[in-house]
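S.K.: Spelled out from the first residue to the last, the chains are:
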Amino acid sequence: MAIDQNQNSMHETHSREVVVANEQGLHARPADLVAREAQRWESRIEFVGKAQRVDGKSILDLLTLAAEEGTHLVVEATGPDASEALDAIGSLFEQRFSPNEENTRKHKNKTKQEKKISSDSAGINTAAREGATGRNTNS
Amino acid sequence: MKFSDFVSVEAIRPSVVANSKEGVIREMTQSLVDAEKIAVSEMDSIVKAIMKREDLGSTGIGRGVAVPHTKHPSVSRLVGTVAISEQGVDFESLDGEPVQLFFLLVSPPDRPGDHLRALENISRQLRDDAFCKTLKQAGGPQEVWRLLEDADAQSIAS
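First to last, the sequence lines map onto chains A and B. Quick note, the first sequence lines up with residues 1 to 139 if you use the numbering used here. Quick note, the second sequence lines up with residues 1 to 158 if you use the numbering used here.
Worth flagging that the hints you see were computed from the coordinates, not collected in a lab. Note that the Cβ used here is the ideal one computed from N, Cα and C, for glycine as well. Heads up, a few of these hints could be off.
[To be verified] Listed next, the stretches of chain B that the computed footprint assigns to chain A, with coverage defined by at least 3 CB atoms under 8 Å from CB atoms of chain A:
no. : region
1   : 57-68
2   : 110-120
3   : 123-134
[Claimed, not checked] Within a straight-line C-alpha distance of at most 25 Å, the following computed DSS-like cross-link-like pairs (lysine-lysine) qualify:
no. : chain 1 : residue 1 : chain 2 : residue 2
4   : B       : K133      : A       : K57
5   : B       : K2        : B       : K37
6   : B       : K71       : B       : K37
7   : B       : K37       : A       : K50
With the rest of the complex left out, here is chain B (with noise of 0.2 Å):
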């Protein structure tokens, strides 16, 4: 699956204010209301549920990557964005370090291939210290996602 097909334009915020977890996972929560990608009145109830799910394990995978995500009945297929921050949130990540890229996920609760293969995207491009380079340093939404079309094409080829 690759990030265009999960990932929505308009909520990607290249530099998000929060400097917290919980912050992080709001704001870009709420990235995917303004985008019209959830519903506003879901929006507690999603924050809640990925605070959840971070309480069994932080999704800080480490290299300063985290993919904050949950499974919600309220949507019907797979919607996530991306943030970067710039100094960097303490998110509790396996290496310990602060966080600056995040990819956040919300699935229907039905389709854990889906949610499996978004990973396999993220993680597949994440490998590539260039790519994350390069991506805390996207100036704009637009350049995050020429980068992430980028990525795709060359996932395509290879």
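Excised from the complex, chain A in its bound form (with noise of 0.2 Å):
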């Protein structure tokens, strides 16, 4: 621990603010998740809740921290890799933890967007004439 200091000290210490933006709060597995970005940069990477400070690489320090939806957190990285640990540890909290979702989500829109079309004049129209081109072309 003391030689990681060490090694991290010649490098500035970079920081950012994350928010809690999903229902659930900094619930199991997004702590997972967030402590296996973390694990990915040689950086040391801390979190600093209200009262205290945490290992942002080992998921039990992150559970500790039972930040609900709402907490602001600062993150802060120090290592050669600092910036690059902290953007891609801020898009994690931005994306709500779940990438996956977001998809999901953007699909349903999708979807939703598709059947307004369909089901205003202009897409009737459009459906209607593909209809007669596709008679066109069969006869």
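Given two chains presented individually in distinct reference frames, assemble the corresponding complex, making use of the accompanying hints.
M.R.: Written out as structure tokens, the structure reads:
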């Protein structure tokens, strides 16, 4: 631990604020995601909450923050890849820890939009035209 | 949230028989039924929900500990129990180690804060190697309960 700090002390500490934006807060699965992401970087990564500072690479440490929806946390990274590490961790929080859910939501919106288009008159006309073209080709 | 706020002493299982992930989850859920903390009619639905959560990623958080859990509409307050496996169970943990200590939680869907505070307490205590070690060696439910109460008392003091 002491060696780590000495190695990283040549580097400036970068920091940024993140907000826990998902309804369930920083529970086991998000904490796992964040710890795994943090472990990918060489820099020391710490989360600073209201009353404590914890190791961002430890799922147990992250869970002790008990960070509910709306909690602001400061992430500090010290090391050669500090800035990249903060970007990666920051985007996990921005995506509410679930890039997949985000995609699903986008997909749903798209489906909704498609439905809307097909129900307005332009859509119906297009469909009718396409139908007509289809018949023409067949005949 | 202290252990005594959500752990049912009657449901503690200091030596689980099951040697599979689903087996342990089923045995612990059964212990909550036996302790009348959850309805027998809900048992299969709760086991299924916990397994579904495990499919998203193991709750084996390392150091021989797992926290299988789910939200379930049939409970009105957070209920949980503790189980210990002497030989350890493969839980597809993050660090690949077999799991000996299990904390199972079932929480009402509208109380995410309680769930977080229970996880907070569990993880805070489990960072203490001595606590983990003595818990793994506990002989009976009463001894487990006493260790949890001691941990609660210490966390108030600190």
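S.K.: Indicate, hint by hint, whether the structure satisfies it.
M.R.: Results for each hint:
1. 57-68: This one holds; 6 residues, not fewer than the three required, reach chain A with a Cβ under 8 Å.
2. 110-120: holds (count 7)
3. 123-134: Three-residue rule met by the region 123-134 of chain B, so holds; n is 4.
4. K133/B <-> K57/A: Holds, because 23 Å separates the two Cα atoms, which is no more than 25 Å.
5. K2/B <-> K37/B: 18 Å, holds
6. K71/B <-> K37/B: 14 Å, holds
7. K37/B <-> K50/A: 34 Å, violated
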